[in-house]
Amino acid sequence: MNPENEPDITDEFEQAIKKLALAPTSSSLDGRMTELFAAATVSESSQMKRQNHPRIWMTVLMIAASLLIGFGAGTWYGRLPGTWPMPRGVGVVPEPNTPADGTAIATQPTASAPQTVAPTTELPRARTVSRNTTLSAPLWLESKDGRVFRSYIATTKEDIVEIDPTTQKKKLVQRHRPRLVISNSPGI
Amino acid sequence: MQPGHSDRLAEIYEEYRRALVAMAVNILGCRHRAEDAVHDAFARVVQSRGQVEDPVAYCFRAVRNAALNVVRKNRVQQRGLELYQNSQPGEVVGGDDADGCGNLAALAQLIESLPPDQRELILLKIHANLTFAQISEIQNVPMKTVATRYRRVIEALKAKLEQVHES
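Chains as they are written, first to last, in the numbering used here: chain A, 1 to 188; chain B, 1001 to 1167.
Because the hints were derived from the structure by calculation, they are not lab data. Mixed in with the good hints, there may be bad ones.
[Claimed, not checked] List time: in silico BS3-like cross-link candidates among lysine-lysine, alpha-carbon distance up to 30 Å:
no., chain 1, residue 1, chain 2, residue 2
1, B, Lys1158, A, Lys19
2, B, Lys1144, A, Lys49
3, A, Lys18, B, Lys1158
4, A, Lys18, B, Lys1160
5, B, Lys1073, A, Lys19
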């Protein structure tokens, strides 16, 4: 008899043994087992429901976390120097570039400037604020009373044109007229 | 718990309940305790969560272990262990059909006279129709050993039955 090749019970003797009946199980055991399996089925289904709930909550939490991360990143990006929005109350000072009250133009904050702004690794750069206007890197103007103003040199792509009275032809006087823009609130 | 786990167990019980109880009776020598052992074993199997390669063999092994635990742990049932060791009448109650090997009643008596481990082998292989691999898993014995033991039991039974006929 080779155990690798599982033998069927074809032997006549074994068939005769198979004809010997086993005693039936009692009705009490069958009843108990039916109750056991019924209770297990109910427990199984309720457990499956409980297992599904965490999946739903995990999905909701994942979406909420993604939104929070997205908003947080957007807020942080909006605070970067290169992406600062145009400050309110920006005034336009006509030429000459040097203010009449004798304020000095500095390209770096002066020693008296408050050092509350955390230094960033990103270098200041010019940026386009509208289709025709570009602001330079920020400059700091210090007034006589020690207040510091953020300022920019705004370059507008508007050519200054004069009309020759004799020939009535337009003559280009200056291309891209620069202006000095000074924030009307002190501080950096 | 796997989906449909209890349904599968219910199917196994429905198909093998007589053999399961017979195996427990073979160990405990008491039908009521054997049925309790079957119930307790299935109650534990229902709660199990692990993956089982062969659920049928697993259930048989669970019932067998439950019955042996009853014998080991309960001093009152020490007598059952002695009965198990000294051979007890099995669950075979006789057939209802004539066969080519002689009297079925004589065959039943011969089987009942076998040692319990041999009777269990007959029960699992012939009545429960399990494979040697399944029996080896249930009894925790190598498969070749199971096959050898089975062959010897059958040969011994044949020889004894011939002696009965001659006498």
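Against the structure, the hints:
Restraint check for Lys1158 of chain B and Lys19 of chain A: satisfied, since their Cα atoms lie roughly 16 Å apart, inside the 30 Å limit. Among the hinted pairs, Lys1144 of chain B with Lys49 of chain A is inconsistent with the structure: their alpha-carbon atoms are about 46 Å apart, more than 30 Å. Between the alpha carbons of Lys18 of chain A and Lys1158 of chain B the distance comes to roughly 14 Å, so the proposed pair stays at or under 30 Å and holds. For the given pair, Lys18 of chain A sits about 17 Å from Lys1160 of chain B by alpha-carbon distance, which is consistent with the 30 Å threshold.
Note on Lys1073 of chain B and Lys19 of chain A: the hinted pairing is violated, with a Cα-Cα distance of about 36 Å set against a maximum of 30 Å.
Hint violations for this structure: numbers 2, 5, all remaining hints satisfied.
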